[in-house]
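Protein chains: 2
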Amino acid sequence: MIGTAVKELLLEKENTFLIPAENVANVMCLNPLSHALLVLSQVKYSKIPVLDKGDRFVGLISLSDVVDKMFDITSVDFDKLKDFTVADVMEVNVPIIGEEWELEDVLHLLVDAAFLPVVDDNQCFKGIITRKELLKAINHMAHELERKNIILPKSDDESIEMKVI
Amino acid sequence: MIGTAVKELLLEKENTFLIPAENVANVMCLNPLSHALLVLSQVKYSKIPVLDKGDRFVGLISLSDVVDKMFDITSVDFDKLKDFTVADVMEVNVPIIGEEWELEDVLHLLVDAAFLPVVDDNQCFKGIITRKELLKAINHMAHELERKNIILPKSDDESIEMKVI
Numbered sequence: 001m002i003g004t005a006v007k008e009l010l011l012e013k014e015n016t017f018l019i020p021a022e023n024v025a026n027v028m029c030l031n032p033l034s035h036a037l038l039v040l041s042q043v044k045y046s047k048i049p050v051l052d053k054g055d056r057f058v059g060l061i062s063l064s065d066v067v068d069k070m071f072d073i074t075s076v077d078f079d080k081l082k083d084f085t086v087a088d089v090m091e092v093n094v095p096i097i098g099e100e101w102e103l104e105d106v107l108h109l110l111v112d113a114a115f116l117p118v119v120d121d122n123q124c125f126k127g128i129i130t131r132k133e134l135l136k137a138i139n140h141m142a143h144e145l146e147r148k149n150i151i152l153p154k155s156d157d158e159s160i161e162m163k164v165i
Numbered sequence: 001m002i003g004t005a006v007k008e009l010l011l012e013k014e015n016t017f018l019i020p021a022e023n024v025a026n027v028m029c030l031n032p033l034s035h036a037l038l039v040l041s042q043v044k045y046s047k048i049p050v051l052d053k054g055d056r057f058v059g060l061i062s063l064s065d066v067v068d069k070m071f072d073i074t075s076v077d078f079d080k081l082k083d084f085t086v087a088d089v090m091e092v093n094v095p096i097i098g099e100e101w102e103l104e105d106v107l108h109l110l111v112d113a114a115f116l117p118v119v120d121d122n123q124c125f126k127g128i129i130t131r132k133e134l135l136k137a138i139n140h141m142a143h144e145l146e147r148k149n150i151i152l153p154k155s156d157d158e159s160i161e162m163k164v165i
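Chains as they are written, first to last, in full-length UniProt numbering: chain D, 1 to 165; chain F, 1 to 165.
In case anyone wonders, no lab produced these hints; they're calculated from the structure. Beta carbons are placed, not taken as given, at the ideal position from N, Cα and C, and that holds for glycine. Please note: incorrect hints may appear among the correct ones.
[Stated by the list, open to error] Stretches of chain F that chain D covers, calculated by requiring three or more beta carbons in the stretch to come under 8 Å of a beta carbon on chain D: (1) 13–23; (2) 34–43; (3) 53–66.
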């Protein structure tokens with residue numbers, strides 16, 4: 001479990017954790033891959049969320065997923081992208097979190113993901129929590145913890161017992 | 001400044017921070033972009049290091065940098081990539097760190113970069129430090145700090161003075 005002092009300092013930056021959905025580029029699962037290529041080549045993220053018609057989160061798509069579909073044996077063919085939709089290549093079973101997320105889960109899941117999609121109870125996409133914003137909070141915590149607190153190493157169990165006796 | 005207890009716990013994972021150069025895909029600055037496209041479409045990183053003939057680090061290249069050069073007004077043309085080298089599109093003036101890096105700098109620079117190239121005194125590329133490995137160390141620290149230490153909030157200066165008197 002994450003200790004109280006570390007947790008409280010990390011959560012002082014909590015209101016900056018979520019990048020809201022309206023500021024995150026996305027594509028729809030039935031968009032042709034040629035459209036996804038255009039969007040992905042213009043945004044700074046290497047992966048973006050895929051939504052269905054009801055704005056529900058259904059997966060992620062990367063530039064690499066799209067480019068893969070352009071390759072044939074000898075060359076790269078843009079026209080091939082018109083034959084596929086985003087749903088054909090997107091990554092599914094992606095870790096997501098709810099709006100009432102726990103810091104413990106965010107810290108753990110961001111080891112393996114560059115960002116975490118946040119969804120409401122109906123799976124509607126609400127935004128993302130990124131490693132970048134978490135690392136800002138970690139810098140804050142690492143600098144403030146020992147400025148605001150005194151850290152005393154715990155004695156091991158045996159010595160505590162001896163003192164009690 | 002990062003406090004001693006936080007720093008020591010983070011550095012317990014120090015030997016896993018560096019992913020050595022031999023395990024990181026790279027391209028040479030004079031490679032044609034068609035080669036870079038092939039390499040970038042096959043690796044898991046969205047950006048990879050660019051080296052010169054002497055294995056010195058000179059920049060980064062992303063799949064997005066390459067795809068941009070394939071676009072013309074109406075379509076995407078793979079053959080255009082043969083007219084350019086990696087050096088024509090790579091990102092330069094990238095933050096790098098030396099082999100004797102400070103944790104403070106790593107924590108600070110990884111807010112804005114997914115990974116940091118590590119170079120020796122001759123600018124030779126030695127590997128990368130990634131957000132992923134740093135976040136593993138942060139998870140370790142966040143869980144261990146209050147298990148191993150007692151955290152006492154510091155009194156403000158006035159009350160300390162009163163106690164001393």
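Violated constraints from the hint list, given by number and in increasing order: 1
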